[in-house]
Amino acid sequence: MTPDDAVRIADWLKFRSAASSVTITDSRSLSGGAIQDNRAMQVHFDGGELDGDHALVLRMSNPGMLSASHSKAEEFALLKAAFAAGVSVPQPLYLCEDTTVLGQPFFVMQKIDGIAIGAKIVRDASIGGGHASLLRRLALELVRIHHIGTDQTDSDDGLDLKFLGPRPLEPATELIEQYQSWLDQLAEPHPVLEWGLRWLRLNVPTAPATVLCHRDFRTGNYLVDAKTVTGILDWEFAGWGDPAEDVGWLCCRSWRFGADQKEAGGIGSRKDFVTAYLEAGGYPMDDARINYYEVMANIRWAIIALKQTGRVTSGAESSLELALIGRRVPEMEFEILRLTGG
Amino acid sequence: MNHDGLGPDALELLTLARRTLLDEVAIKLDGAARYQLLLVAHALAVAGRELEGRQNTDNTGADESLSMSINKLLDDPLTAAKARDDKTGATPLKWLCSEIRNGRFDNLKSQHGLLALLRSINRSTLELTNPRFLEGGS
Chain A
1315 MTPDDAVRIA DWLKFRSAAS SVTITDSRSL SGGAIQDNRA MQVHFDGGEL
1365 DGDHALVLRM SNPGMLSASH SKAEEFALLK AAFAAGVSVP QPLYLCEDTT
1415 VLGQPFFVMQ KIDGIAIGAK IVRDASIGGG HASLLRRLAL ELVRIHHIGT
1465 DQTDSDDGLD LKFLGPRPLE PATELIEQYQ SWLDQLAEPH PVLEWGLRWL
1515 RLNVPTAPAT VLCHRDFRTG NYLVDAKTVT GILDWEFAGW GDPAEDVGWL
1565 CCRSWRFGAD QKEAGGIGSR KDFVTAYLEA GGYPMDDARI NYYEVMANIR
1615 WAIIALKQTG RVTSGAESSL ELALIGRRVP EMEFEILRLT GG
Chain B
-13 MNHDGLGPDA LELLTLARRT LLDEVAIKLD GAARYQLLLV AHALAVAGRE
37 LEGRQNTDNT GADESLSMSI NKLLDDPLTA AKARDDKTGA TPLKWLCSEI
87 RNGRFDNLKS QHGLLALLRS INRSTLELTN PRFLEGGS
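Heads up: the protein sequence lines correspond to chains A and B, in order.
Using the working numbering, read the first sequence as starting at 1315 and increasing by one per residue.
Using the working numbering, read the second sequence as starting at -13 and increasing by one per residue.
There's no promise every hint is true.
Unchecked claim - Heads up, simulated SDA-like pairs for lysine to any residue below, C-alpha to C-alpha not over 25 Å straight-line:
1. B:Lys80 to A:Arg1652
2. B:Lys80 to A:Ser1633
3. B:Lys80 to A:Ala1594
4. B:Lys58 to A:Glu1411
5. B:Lys80 to A:Lys1425
6. A:Lys1621 to B:Lys58
7. B:Lys58 to A:Ala1439
8. A:Lys1621 to A:Ala1602
9. A:Lys1425 to B:Thr77
10. A:Lys1434 to B:Thr77
11. A:Lys1425 to A:Glu1388
12. A:Lys1621 to B:Leu24
13. A:Lys1621 to B:Thr77
14. B:Lys14 to A:Ile1429
15. B:Lys80 to A:Ala1387
16. B:Lys95 to A:Val1518
17. A:Lys1425 to A:Glu1411
18. B:Lys95 to A:Lys1541
19. B:Lys14 to A:Arg1515
20. B:Lys80 to A:Lys1541
21. B:Lys80 to A:Ala1501
22. B:Lys14 to A:Ile1431
23. A:Lys1434 to B:Lys80
24. A:Lys1434 to B:Lys95
25. B:Lys80 to A:Leu1653
26. B:Lys80 to A:Ser1375
27. A:Lys1621 to B:Ile13
28. B:Lys80 to A:Glu1411
29. A:Lys1541 to A:Ala1619
30. B:Lys80 to A:Ile1431
31. A:Lys1425 to A:Thr1487
32. A:Lys1621 to B:Lys14
33. A:Lys1434 to B:Gly(-7)
34. B:Lys80 to A:Arg1642
35. A:Lys1434 to B:Pro117
36. A:Lys1328 to A:Ser1383
37. A:Lys1434 to B:Lys58
38. A:Lys1541 to A:Leu1653
39. B:Lys80 to A:Glu1388
Calculated directly from the structure, the hints in this document are not laboratory data.
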């Protein structure tokens, strides 16, 4: 962030919060920004609705933003809906669609404490009140997410999710079409991914309901402190889907960070997670549907990884992290073959 | 060990550079700097394995072997002839993708051969990119 950026942000925050003055006392980039740029800021407000000192996060898109990512205005609406539904998320504060401030839209939310580093979370069995407790809390958070928008009057209190479009009757088929089109955008042939998509077409399950899916609900995308989950992050992909889609994504081997025997995000068994999800009032789950969406998760993650690494091979970016992501695709392909091999 | 009398060859240099980073530099770092360094060390390991794989493999022979395996899988004369006569530059892998998408392997019997071939390709690639994954690690 340049000094000029800081001045413009401070002016904008002053206007939005009706403060008499706003000072940004500290600012630093947060990690995990392959697609999104998150910046932590310490801000002092004199007067207005946020009078006092606040730790905030400013979120905007990186150039590597995926086509499936929602706009910042849409992500802000999703965050507001989640906050209103009691999901543990950072409180959304202000959205800025005026591109004269930072050159692109962004929003500001309260900063939440906790760690999100997947490898640390799976290694530390005491974190979040212990892995068993953490697993139950995550299940509860997912139930709350899946109940967002079940009341169609949500738009009346400002939770307008119309941009998500109508709920698909067969959510899996819609996703297969989307991922097939992503695959077709890649220059090289990928027969394992092609086979995975074919297998998905041949085995489409019936969804018990079409709910709001987070679509990136996984270890590494929630904040946790010593006692519990403090925030579910990264709402940019959320959309209508089968509730099992989020469970399949959570169980994808990549998000177990080496704790492979703990299928639910490297912190517990799939069975225990599903039991906790159902006890918390979740939608019906069955192993076949979760397996199906775990296959889909591996395909989706593989294609995203190929698209991301393609930004390096095309010369658009020079990130070593993105360059290496493509080398992980054979791991996802291994899982696709294992899960579809009968 | 010697490479034209100039010291270690490219692969040995990569290995040495990686060991130096891990043993002498990484221990002095923490946080984001340590993460970046481990990323670099990982990239060197991958590059080293791929370089070694290329040194030990006859690429032309491997490509021909793959083409033969795919042709065997697409063993009806019409498809094989189409693949052979293709003027669009489509590779055997592209033909395979096209046949998968068109439902050629929808029945269980034909899937056996397809999955065996895909597993074999996948295993060869994983041996270069992340052999620990095949041993059950990540």
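Quick rundown of the hints versus the structure:
1. Proposed proximity of Lys80 (chain B) and Arg1652 (chain A) is supported: the alpha carbons are some 22 Å apart, at most 25 Å.
2. For the given pair, Lys80 (chain B) sits about 29 Å from Ser1633 (chain A) by alpha-carbon distance, which is inconsistent with the 25 Å threshold.
3. Proximity of Lys80 (chain B) to Ala1594 (chain A) is assessed by CA-CA distance (about 47 Å); at most 25 Å being required, the pair is judged violated.
4. Taking the CA atoms of Lys58 (chain B) and Glu1411 (chain A), the gap is about 57 Å. The hint is violated against a cut of 25 Å.
5. At most 25 Å may separate the alpha-carbon atoms for a hinted pair to count; Lys80 (chain B) and Lys1425 (chain A) exceed this at roughly 48 Å.
6. A hinted pair counts as satisfied when its Cα atoms are at most 25 Å apart, and Lys1621 (chain A) with Lys58 (chain B) does not qualify at roughly 31 Å.
7. Distance check on the hinted pair: Lys58 (chain B) and Ala1439 (chain A) sit about 50 Å apart at the alpha-carbon level, beyond 25 Å; violated.
8. The hinted pair formed by Lys1621 (chain A) and Ala1602 (chain A) fails the criterion: a straight-line CA distance of about 29 Å is larger than 25 Å.
9. Taking the CA atoms of Lys1425 (chain A) and Thr77 (chain B), the gap is near 51 Å; set against the 25 Å cutoff, the hint is violated.
10. For the hint linking Lys1434 (chain A) to Thr77 (chain B), the alpha-carbon distance of about 43 Å lies beyond 25 Å, and the restraint is violated.
11. A distance of roughly 20 Å separates the Cα atoms of Lys1425 (chain A) and Glu1388 (chain A); the hinted pair therefore holds under the 25 Å criterion.
12. Pair hint Lys1621 (chain A) plus Leu24 (chain B) holds up; C-alpha atoms about 23 Å apart against a cutoff of 25 Å.
13. Taking the CA atoms of Lys1621 (chain A) and Thr77 (chain B), the gap is near 21 Å; set against the 25 Å cutoff, the hint holds.
14. Simply put, Lys14 (chain B) and Ile1429 (chain A) have alpha-carbon atoms about 23 Å apart, close enough for the 25 Å limit, and the pair holds.
15. About 40 Å separates the Cα atoms of Lys80 (chain B) and Ala1387 (chain A), which puts this hinted pair outside 25 Å; it is violated.
16. Distance check on the hinted pair: Lys95 (chain B) and Val1518 (chain A) sit about 21 Å apart at the alpha-carbon level, within 25 Å; holds.
17. For a cut-off of 25 Å, the pair hint linking Lys1425 (chain A) to Glu1411 (chain A) stands: about 21 Å separates their Cα positions.
18. Between Lys95 (chain B) and Lys1541 (chain A) the alpha-carbon distance is near 52 Å, which puts this suggested pair outside the 25 Å criterion.
19. Taking the CA atoms of Lys14 (chain B) and Arg1515 (chain A), the gap is about 51 Å. The hint is violated against a cut of 25 Å.
20. Straight-line distance between C-alpha atoms of Lys80 (chain B) and Lys1541 (chain A) comes to about 51 Å, which puts the hinted pair past the 25 Å bound.
21. This hinted pair checks out: Lys80 (chain B) and Ala1501 (chain A) have alpha carbons roughly 10 Å apart, not beyond 25 Å.
22. Distance restraint check for Lys14 (chain B) and Ile1431 (chain A): the Cα-Cα separation of roughly 21 Å lies within the 25 Å cut-off, and the hinted pair is therefore satisfied.
23. Note on Lys1434 (chain A) and Lys80 (chain B): the hinted pairing is violated, with a Cα-Cα distance of about 41 Å set against a maximum of 25 Å.
24. This hinted pair does not check out: Lys1434 (chain A) and Lys95 (chain B) have alpha carbons roughly 44 Å apart, beyond 25 Å.
25. Straight-line distance between C-alpha atoms of Lys80 (chain B) and Leu1653 (chain A) comes to about 23 Å, which keeps the hinted pair within the 25 Å bound.
26. With a C-alpha separation of about 34 Å, the suggested pairing of Lys80 (chain B) with Ser1375 (chain A) is violated against the 25 Å cut-off.
27. A hinted pair counts as satisfied when its Cα atoms are at most 25 Å apart, and Lys1621 (chain A) with Ile13 (chain B) does not qualify at roughly 34 Å.
28. Restraint check for Lys80 (chain B) and Glu1411 (chain A): the C-alpha separation of about 43 Å exceeds 25 Å, so the hint is violated.
29. For the hint pairing Lys1541 (chain A) with Ala1619 (chain A), the CA-to-CA distance comes to about 33 Å; that exceeds 25 Å, so the pair is violated.
30. Only pairs whose Cα atoms come within 25 Å are accepted, and Lys80 (chain B) paired with Ile1431 (chain A) is rejected, the gap being roughly 38 Å.
31. For the proposed pair Lys1425 (chain A) and Thr1487 (chain A), the alpha carbon gap of about 37 Å is over 25 Å, so the pair is violated.
32. For the given pair, Lys1621 (chain A) sits about 35 Å from Lys14 (chain B) by alpha-carbon distance, which is inconsistent with the 25 Å threshold.
33. Of the pairs offered as hints, the one joining Lys1434 (chain A) and Gly(-7) (chain B) is violated, with about 40 Å between alpha carbons and a cut-off of 25 Å exceeded.
34. With a C-alpha separation of about 21 Å, the suggested pairing of Lys80 (chain B) with Arg1642 (chain A) holds against the 25 Å cut-off.
35. For the proposed pair Lys1434 (chain A) and Pro117 (chain B), the alpha carbon gap of about 23 Å is at most 25 Å, so the pair holds.
36. Restraint check for Lys1328 (chain A) and Ser1383 (chain A): the C-alpha separation of about 29 Å exceeds 25 Å, so the hint is violated.
37. Between Lys1434 (chain A) and Lys58 (chain B) the CA atoms are separated by roughly 47 Å; this puts the pair beyond 25 Å, and the hint is violated.
38. Our distance criterion of 25 Å between C-alpha atoms is broken by Lys1541 (chain A) and Leu1653 (chain A), whose separation comes to about 35 Å.
39. In summary, the hint linking Lys80 (chain B) to Glu1388 (chain A) is not supported, as the alpha carbons are separated by about 38 Å, beyond the 25 Å threshold.
Hint compliance for this structure: hints 2, 3, 4, 5, 6, 7, 8, 9, 10, 15, 18, 19, 20, 23, 24, 26, 27, 28, 29, 30, 31, 32, 33, 36, 37, 38, 39 are not met, and every other hint is.
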